[in-house]
Structures are given as C-alpha cells and as structure tokens.
Amino acid sequence: MPHITIVRQKPLMTMRQILLMNFGFFGIQYSFGMQQTAVNPIYNFLGASPEELPLLNLAGPITGLVIQPIIGALSDRTWSPRWGRRKPYFIVGAIGCSICLFLFPFVAALWMAVLLLWLLDASNNTAMEPYRAFIADRLPPSQLAKGFLAQSFFTGFGITLANVSLFGFQSLISGATSAGIPYWVVGSFMLGSVCSITTVLVSVLTTPELPPSDEELAVIRAKRGGLGSAIREIWDAIVEMPGELRKLALVYLFQWYAMFCYWQFVSLSIAESVYGVTAADPGYADAVSWTGLVNGWYNIVTFCVAFPLVSLARRRGAKWVHILCLMCAAVGLIIFANVTNPYLLFVPIIGLGIAWASIMGVPYIMAVRMIPSTRYGVYMGIINMMIVVPMLIQTVTFGRIFESVLGGDPTNAIMFAGFLLAAAAVAMTWIKEPPFVRDVDDLLQAPAGAH
Amino acid sequence: MAANVMVVAEREYEYPRPEVFRAWTVPEEMAQWRGSPGWHVEPDTVTSDLRAGGRHHHVKVRDNDPTARVTTDAVFTEYFEPDVFVARQRITGDPGIDPDVPLELRVEFTKTGRDHTLVRVVQGPFEPEVAGYHSKGWELELDRLDGYLARRRAHGGAR
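For the protein sequence lines, the chains are A and B, in the order given.
Our numbering applies: residue 1 is where the first sequence begins, and numbers increase by one.
Our numbering applies: residue 1 is where the second sequence begins, and numbers increase by one.
Here are the in silico distance ranges between beta carbons for each label pair: (1) Y133(B) - S311(A): 25 to 35 Å; (2) G113(B) - A108(A): 48 to 58 Å; (3) A52(B) - E403(A): 50 to 60 Å; (4) A249(A) - P95(B): 47 to 57 Å; (5) A2(B) - Y343(A): 42 to 52 Å; (6) G38(B) - K223(A): 30 to 40 Å; (7) P81(A) - L50(B): 36 to 46 Å; (8) I238(A) - G54(B): 31 to 41 Å; (9) R51(B) - P211(A): 35 to 45 Å; (10) W235(A) - P43(B): 38 to 48 Å; (11) E81(B) - P81(A): 36 to 46 Å; (12) R51(B) - A249(A): 29 to 39 Å.
Keep in mind that the hints were calculated from the coordinates and are not lab data.
For glycine and all other residues, C-beta sits at the position ideal for the given N, C-alpha and C.
Bound-form chain B, shown alone (with noise of 0.2 Å):
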C-alpha cells in the first residue's frame, strides 16, 4: 500500500506564539513532553541546530521497555521563528514507518486573538492502516503539551 495519507492535528493553546514555539523547539523544553504517553524522551539524545538547514535528533523510549527506542534525524528544511517549521525526517524504529522514506513534519504556529496560539502539525506521507495510529499519537501529545505549558507557567516559567 503507497503511503498516502498526511496526518494533520491542530489545537489551539492559551499562550503567546513566541512561549509555543520554544517549547516546540529548544531541546530541554521539547524532552519534557514531547512522546505519546507511555513513551519519554532521553533528554541527552537531544540536539537541535535551530536554523534552516540545521540537524536534530532525539530518541523517544517506552516508559517501560528501555530497549523499545524510536530515533528520529531531521534536517530543518524551514525554520522561522515564531511562524513555523518544516523538517524532512528519517524516523526508525517504529515497525509502521519505512525509514527509508522520508517524512515531512510541519508545525505551524498562528496567532489567534488575544494572544493564543493555534498549533497545526502536518505529518506524512503514512501508509494508510498506520496513520490511525499516528493521528492518535499525535492527539494525546499535543494534550501533553498543554500540560506542559500549564506546568511551566505556574512555575514562574517563560511569559
């Protein structure tokens, strides 16, 4: 089956676009929710060179199996701060992703009135019986982003 289907996830987040893309983007930050439940980031595996044409890496690993790892290299293809972000990703060691074929990861960042921050993620091409189950990731991470975000402000974080 040709992978075809883009997965797309928007939310919209009660904090300004500049406080979103950070956490999105600065290593430290993005290790700290980034990964459906069930799964973290190693906080050392991250590294990041915020720019157009810049690499970044991360290993997400299952809670409770260490030697479940998925790995993700990208190369930033856009980045402009704080509107967007466009990375051509080689993600192995998910049995539904062929790392052999790239992925696009988009994450838009558009401001909403009162200083909200609609956040739209663009990922794919997936092959069709496994996008489901990405969609769904996608739907509980950005959930954890939002707690995230609650957590870091209400420890005198970023404003």
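Isolated chain A, as found in the complex (with noise of 0.2 Å):
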C-alpha cells in the first residue's frame, strides 16, 4: 500500500454513547458464554464420552485462528456509505449467533451438534473481530481505555447471565426435548438466540461508523483480490508487526495457557480439594455445580472491576495495570489450589476475576496505539491468533505435562497456571509502552500552562 496520510474527526463520545456502541459486545459474549457453559452438556445428552469432547471442540480454536485475521484483513479494505466499514462483518456474525443458537437445543444427532458448533463459533468470531477494530476506529486514543474495558465489562456480564439463566431456568422449566435435552437449556439458548441479534442492532443503529477520507477511500477502491490478497495482507502484517507487539505475542503464550489449564481443570480441582472426590465419583457433580457457580462469581467481579481499570489505566499506564491484574491473578490461583472449604474458594477466585477483566481489555488499549490504523482489523485478527496458538500448544502439551510434572493432580495445574500467569506479569515488564494517553477532560480542567 502507498503510505498515504490517513487523517480522521474523531467526535469524544459520552459514557453512554460508549457503553451502546459496546452493548452488541454483551450479545456476543452471551454466545461465548452458551457455548462455553453449555454445548459440552448437550454432547454428554446425545451420548459423546468424555474423552471425545477435546476434539469435538475443535471448532472453538480453528475457527479463531483461520475466521479472526481473514474478516479482519477483508473489513479494513470495505467500506460501503451505507453499511458501514465494519458492521456488514458484525452484523451477518450477529444474525449467524442468533440463528445457530435457536437451532442448537433441537439438534438429534452428534454430528448436527458438531456442525453447529462450527457454524456457531464461525459466527462468534465474525461477529467479535470487526467489533474491536471497531473501538479502535471510532474513539480518539484518550478514550480507547474506556472502550475496551466497557468491552471487558460486557464480556463479564453476557457470560454471567448465560451462566444465570442456565441456573435460573433449571428451577423453572421442567421437561425435555425428544433427543433429551431438557427445556431449560433450550431457555436459555432462545434468550441468547435474541440477545445476540437485538443487542447488536442497537449498536449498529445507535453508533455511525467513520467514513474514510476520500484518498484513504481511493486506497482501499484501489484494492483487489478476495481470500488470497487477504492471505497475503496477514502475511505482510505478521513480517511488519511492529516489534512490541510481538512481545505482546510471548504474553500471550503464558496467560492464555494458563487459562486454558484453568477451565479444563478448576472442576476436577475443586473435585479434589473441596469434595475429596474424582471425575469417576458420583459426588463430581457437586463440584461441577459449584465451579459454575464460582465462574460466574469471578465474571461478577469482571463486570464490576472493569471500569475502575480504566481510571488506574490512564494513571498508572496500561503496561503496570495489566501487571498488576495478572499478579493478582497468580497469587489468588495458588492460594485458591490449596483452599479446602468451597466458601472460601470465591475469595482467591477475585483475582482471577480482575485479570480476567484486564485481558479482555487492557493489552488491546497498548496495541492500537501501536499499528495503523488502517489496519486495525488484520492485527486484531492477528492478535486473535496468539489466543488460539497457546491454545493449540495447550492442547497438544499439556497432557504430558499433568502426567509427568505435575504428577496427575489437577490442583497442582491451577496451581501451574498461577505461576504461568506470573510469568506473563514477568513478560509483560519487557514491553516498552507508549506513555499513556491522558483523557482530554483533565486536559481541560487542567490550567492554562503556556506563556
């Protein structure tokens, strides 16, 4: 691409105009959080054994490396005055979440369950990609803190309330499907079903995208090609990628491993510490109860440390804060291995609750101010990328590492994960961060201070 100057207006937005132009985000995650909570159960109704689920949840980590840059390199070269540079992408992901999860409850075979796992996380991600860039593009840089993390607040609360409204139709709605899924996880696939595409809406018609200069938009006219030009954009961001954020990508490694290990094993371990009990035990599904109501606490704790991130972030500096958040992270996940009585297990679980806030926000607001800005949408497919790798590493490594090092037990794995999210903290410190970008508002109150 010929280096043009790209030049923007970007209007400051209000809190409330922030939080709407995020609200899509809460239907979205409310998808996540159906599919992370919910599809493995539906496999156990339609009779997958348990040593099958790892690969009937293929879908979640191919599709995130293979959907994420390509939708990302193929949003920054549209733009269309009447839809928009970004939510064409948003919206057909939304429609796709709506229509996969009204379908998900009446599936009657495995391999129906599968195929919409695909479509479902297919859709996820189309919709979840553009969003970002999304934030990006539409905030001046004093304000992208307060837009990722309203991001990081609605992740935490569309999770919290799939995980809600599982446990609160459960009480309320009785029977079953004729494949034998019971009505009230068809409950709460229906509400995500219209959270996914409502939500969104509301974003897409409250929110006006920026429209590009007239020479950025002669660029991207200028632009040919489908999937392989798009291959090929990823190709040379990746060669290009400025060098912080590739020390963003050995970050990444660590704390997304360790969360990795942290969902496949907190049930077992709490299994273990609380209950004295195994997988095999009839008691495991006391603990696998009370793991997801521990989830949920720490997505609470999410959705209300979200916003006082964006404060510290724009004192302290988003490097130290994301710092701060995964130490916290570390030292509640040791202690919480070694927590015998499952009260006190939502104490150490807040800081994971608070980490988790800071990674679904505050490395995005240190990335953006990194790339240009007419290529937001490949580098946040590519950050999506060193997710979905660690994850992929995860899954190939770590069976081998719980036998050998960690001698089989699951509470020595969270116990794992807390030190591989120090180690993340550790990493983080390499990362040499713009100075942060002070919000026009103290600009303003601050006084005159020229001669």
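If you follow the hints, you should be able to join the two separate chains into one complex; please do so.
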C-alpha cells in the first residue's frame, strides 16, 4: 500500500454513547458463554464420551485461527456508505449466532451438534473480530481505555447472564425434548438467540461509523483480490509487526496457556481439594455445579472492576495495570488450589476476575497505539491468533506436563496456571509502552500552562 | 458549539524513528517543513526546550501575507525521544481556535517493519466546524514532511 496520510475526525463520545456502542458485545459474549457452558452438556446428552470432548471442541481454536484474521483483513478494505466498514461483518456474525443458538437445542444427533458448533463459532468470530477494530476506529486515543474496558464489562456481564440463565431456568422449567435435552437448556439458548441479534442491532443503529477520507477510500477501492489477497495481507502484517506487539505474543503465550489450564481443570481441582472426589465419583456433579458458581462469581467481579481499571490505566499506564492484574490472578490461583472450604474459594478467585477484566481489554489499549489504523482489522485478527495458538499448544503439550511434571494432580494444574500468569506479568515488563494518553477532560481542567 | 472533536492524522515514513523525531523537534529542522502549503514557520521565532516541562514557541506566517501570523506557545507535558511527545498548546491568531482554550498535540512515533516509522498525530479538541480545516492542514503538512525527509536524505543529511 502506498504511504498516504490518513486523517480522521473523531468526536469525543459520552459514557452513554460508549456503552451503547459496546452493547452488541454483550450479546456476542452471551453467545460465547452458552458455547462455553452449555454445549458440552448437550454433547453429553447426545451420548458423547468424555474423551471425545476435546476433539468435538476443536471448532473454537480452528475457527479463531482462520476466520478472525481473514475477516479482519477483509474489513480493513471494506467501505459502504450505507453499511460502513466493520458493521456488515458483525451484523452477519450476529445473525449467524442467533440462528445457530436457536437451532442448537433441537439437534437430534451428535453430528448435527458438531456442525452447529462450527457454524456458531464461525459466526461468533465473524462478529467479534471487527467489533474490536470498530472501537479503535471510532474512539480517539484518550478514550480507548474506556472503550476496551467497556468490552470487558460486557464480556463479564454476558457470560454471567448466560450462566445465570442456565441456573435460573433449571429451577423454573421442566421437561425435555425428544433428544433428551432439557427445556431449561432450550430456554437459555432462545434467550441467547434474541440477545445476540438485538444487542448488536442497538449498537449498529445508535453508533455511526466514521467515513474514510477520499484519499483513503481511493486506496481501499484500488485494492483487488479476495481471499488470496487477504491472506497475503495477513502475512505482510505479521512480517511488519511492530516489535512491541511481538513481545505481547510472549505475554499471551503464558496468560492464555494458563487460562486454558484453569478452565479445563478447575472443576477437577475443586472436586479434589473441596469434595475429595475424582471425575469418576458420583459426587463430581456437586463439584461441577460449584464450579459454575465460582466461574459466575469471577465474571461478576470482571464487570464490577472493568471501569475502575480505566481510571487506573489512565493514571498508571496500561502496562502496569495489566501486570498488577495478572499478579492478582497468579496469587489468587495458587491460594485457590489449596483451599478446602467451598465458600472460601470465592475469595482468591476474585484475583482471576480482576485479571479477566484486564485480559479482555487492557492489552488492546496498548496494541492499537502500535499499529496503523488502516490495519486495525488484520492486526486484531493476528492478536486473536496469539490467543488461539497457545490454546493449540496447550492442547498438544499439557497432557504430558500434567502426567509427568504435575503428578496427575488437578490442584497442581491450577497452581501451574498461577505460576504461568506470574510469568506473563514478568514478560509484560519487557514491553515498552508509549506513555499513557491523558483524557482530554484532564487537559481542559488543567490550568493553562503556556506563556 | 462545544470543542469535542479530536483530529487524528497518521502516515508511515520510510525513515528510522530518530530521524523523523528530530525533524519534528529540532528547531532548525521543524522550521523547514511545518506549516500547511501557503504557510511557513519563521525560523527566528522557533525556540524549544526539548524536555518534559520545557517550553516551545513558534510563529507561522502566510507566504503571501506576512501580516497573517499564527503563534503557538506550548509546554511539553511528555517528552520521550524517539517515542512520543505531548504538548499543551495555546494558539493565537487562528480565527478558528479560541486562544483561551488549550489544545493538546500528541505525536507518537512507532517503529514498523524494515525500520520505517509510523507517525500518529492527535490534536484537539476542536469545534466541529473547524476540525475539517485542521484535518486538511495536517494531511498536507504530513505530506510536506515526507518531502523534507527525502530532500534531507538526498543532501546526505541524517541517517
């Protein structure tokens, strides 16, 4: 691409406008929450065995790895005066999510559920990737922290509501479909189907995209080619990636490897440390149920702390906020693995809730300041690759580590995740963050300093 | 109408960061390219104390009308060579800018592949009616910087 000057006029947005802009993220995250919590039980209802579950869940990493960068690259060179640049993708993604969530509880065979999960995951990724770029497109640098942490807020809120709906409908709705799927699960999926599309429509209708300048539009129009060209752009972006963003990949390797260890082993860890049982015991169901509450709680913490982190990031810089949050999680998980009282589990897991808010928002504040705005889409996709690749590495390597290094003990797996989060915090110190951007409100309140 | 629009301009240059940063900050260099076409910076007016808390002053003059003068007084609130500088500015003489309302100018320099530099300028807040004029100004000014860097290199300047 020739070097042209890109100029944008970005109106400062009120908090209400920022929340409306991000509201669609709530529906998308509800959809992710259903995927995380309710899809595996559906597989179980349809007769899948536990050892088949990792393979049946392969849709997540593969679609994330492939779809997000491609959608990102395509959205970078999209502009329609009527539909915008990013919106067409997240509208299509949200429609896909809604249809898949609507159909999911009616599946009658395992292959249908697998097919729908692939379509659901593809839709989720199509919707989510341009959403992050949309925030970066729309907000001036001084408001990016608010924008990305509003996404963290809605991440916690969406996943919490998905879990709460499952918990609530279970006590309200009885009966099951002919395939054996309880109606309370059906109810949660229906709610997700409605939330997914309506919240995205609210955002689309209330938040216009900023049009490109004539010069930028000419460059966008001059770009030709479809998929092949998009893949070339992804490769070029990787080659030309700013050094500090490469360092972020190391942080992501540790933090996302740790998160997958946590998600995979938390119920087994609670079963062992609190209930003294294994997955083979009937009492394991209690541990799974308690895990749902623990995970619901840390997501509540996530949406409670998201906005306080904004002001902290403004005062201390995004880098140090993320380091602090990762250390909270590291300490929390190491304590968590050794707690035997089920109620006390809710205390150390607060650390993970704080870190989860930061993980979902703070690194993006730094990242978008390192990359050209004409390539926000493709780089957001590449950042997602930094999430998915550790997931795949973890899938391949952790079984051996678990058996040979951690003695096959799930509580050790949780402590291991804690140490990895501490390693991520240390790796984070290696990143040189541009000094933080003060909010323009601070500027206007400051006394005039010029002579 | 409230001043609530930030102008964000960016461009990639095929020159390393220290070279581009100097072109922005060293008085003798910035006087050679700052100002939209049709305007120039009076070299004698440029003073710049290049550190956080340091003051900066320059006057831009219209080429064909020396009485049209726009004065910028500023204080560097952040100064990290060659990453970023931020200046709180008071601009007088520009009919679209209230001299009593300080502006912030933030210029970030990010290394991209092959030792190129992405320059991102963030300035504001402007009133919506004048933001377009200043956007155009930055567009032309950043083009002009590219020409200056090319000339300097052609004459065996900084590497």
